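Visitor: Residues per chain, in single letters:
Protein chains: 2
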Amino acid sequence: MTLSANWGVIATWRMAWEGVSEAANLLQANKAAGEAAIHAVKCVEDYPFYKSVGFGGLPNERGEVELDAAFMDGTSLAIGAVAGVRNIANPILVAQALSRERFNSFMVGGGAEEWAQAQGFERKEMLTERARNHYLKRKRETLDRGLSPYTGHDTVGVITLDTQQNLCVGTSTSGLFMKRPGRVGDSPVSGSGFYADSQIGAATATGLGEDLMKGCISYEIVSRMGRGMSPQQAAESAVYDLETRLISRFGRAGDLSVVCMNARGEYGVATTIDNFSFSVATPSQPAAVFLTARDGKHTLIRPADSAWLEAYQQRITAEVIQ
Amino acid sequence: MTLSANWGVIATWRMAWEGVSEAANLLQANKAAGEAAIHAVKCVEDYPFYKSVGFGGLPNERGEVELDAAFMDGTSLAIGAVAGVRNIANPILVAQALSRERFNSFMVGGGAEEWAQAQGFERKEMLTERARNHYLKRKRETLDRGLSPYTGHDTVGVITLDTQQNLCVGTSTSGLFMKRPGRVGDSPVSGSGFYADSQIGAATATGLGEDLMKGCISYEIVSRMGRGMSPQQAAESAVYDLETRLISRFGRAGDLSVVCMNARGEYGVATTIDNFSFSVATPSQPAAVFLTARDGKHTLIRPADSAWLEAYQQRITAEVIQ
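Top line first, the protein sequences correspond to chains X and Y.
To convert, note that position 1 of the first sequence is -6 in my numbering; the numbers rise steadily by one, no gaps.
To convert, note that position 22 of the second sequence is 15 in my numbering; the numbers rise steadily by one, no gaps.
Hints in this document: simulated from the structure, not taken from any laboratory.
Note that the structure is a prediction, hence the values are computed from the model and not measured.
Possibly wrong hints are sitting among the right ones.
[Said to hold, decoys possible] Incomplete in silico selection of chain X near chain Y, CB under 8 Å:
(1) Ala71
(2) Phe114
(3) Arg116
(4) Glu118
(5) Cys209
(6) Thr237
(7) Ile240
[Unchecked claim] To spell it out: a stretch of chain X is covered by chain Y in this simulated footprint if at least three of its residues, at any positions, have a beta carbon under 8 Å from a beta carbon of chain Y; those stretches are:
(8) 98 to 105
(9) 223 to 234
(10) 281 to 295
For every residue, glycine included, the Cβ atom is placed at its ideal position computed from N, Cα and C.
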């Protein structure tokens, strides 16, 4: 993936496409990487049919939506993050605000909710009827039968590079579907769910947070780019090395998927699964969705065709029968 | 620091000395690194006069003690962590239990408290009269006058190496004194507060969590050891590189202190402050406390003499007048 670009935006999953398109417009108009990343993540949080982020996100085992989000400015290295927060319309905006604080920049649970409310961030019931139906169905099929309920943990992670060569990254998720109340994954965790250094590059991850945290995958990818690897080399080598380590040491590896971008706007993608999609835009690549397939220690990339995109839209809006 | 050792234990601060002594006895008797690390951290949590960890820890701005802890097994890479939990006697035991979980291994706030209670972990009012007096005094001197209240953020981090060459690390803290409710630092965050890989080494940090997280300092130190640096080289170069990056990019750097140990039992220490102490024991070094002083890009180490040790004991047990 070598592109000559003076701006760029890449994000995990198809769900980021609309946000990536709008972020691309902002970046092309010389807006700041931070503004573009926040805008893109907010688009995903606000869309009710994306069931793993923000409004419409799937709840924990008790039926409550608990959200995690983070923002990192790769120029100042400032980080803000929230975890396990309920009833906040846009966790990414709280994370952005916290990144401006010298102290108390990572906040969790009730304390984070109170602070966000005191600061005037919009409160909102985040559980939709649709997400509730998903929950009731899953609960009946798993918990009520004594089976493991865990499935689904798609985080949106957006990396932006502006024309001033600033890199930023934002993440947001409702976390592992059917998680225990209070469970936090990699998304708000520096170095695991995200990392950005404007002098090198940025990376963001999605998959099983418990396993991504065992390898500090985003920091590792940025480190590898810093030692001279291309984004694609860094992403593939770091992801498959971590998978190998997890299997040999922990006995198994959950889903691991990443996107990254260097300070020149070149990007890389790697995944251990077969249905990972991502969204990207650069001066030479209008906002588009790509699909990936694993091929040994490599990740193959192909454009999503219109049939796939239509099937996706049908699937996410189809009726959910409890 | 080159030692020929087939076991070892090193920990941040003087407060770990008793725990390090007992961990050394366990390791010498061929007990597992995990058991020794947990035991050492628990000693610190239980001692009422250590005011930044566990029972007797200093509270948040509302006068509530909120605790963070983590445990990592460097052989399996398993991690368990809790953050922002109240009224739990030994957060490190909850972290250890969570490290055995495939899912939901990092838990925060009320959800973590409920899980710990359901699992039968001891509940305890963690605010002592002494810590309350510290709080009231500090509040009167700062918050009540509109001044910044932040000071004090000493985490205990204990690294153990057993005779089977397993490395483990445990951390525990009451976090930044006068923090906002819900604030979480680096201590429960993989790669920032701690990291361990039994094939390479382990590291743990103390200082301003907000800044330690900007550099994933513990993961970086283990990476440097993995690329061939001695523990002392890895600790010093990583800490002073991060300090330089923080000053040039973020505009300032908080306190940064680390200890690390490699898989051969050699250890390293680095700090940006002048009063950092640590506790260590190996087959050739009975459990002892050392003091450090910064010298440019190096950290000088000297044994704590009996006068210092006595003054310490006097200081931590002296009456606190509100």
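Visitor: Going through the numbered hints above, which ones does this structure break? Give me the numbers in ascending order.
Guide: 2, 3, 4, 6, 7, 9 and 10
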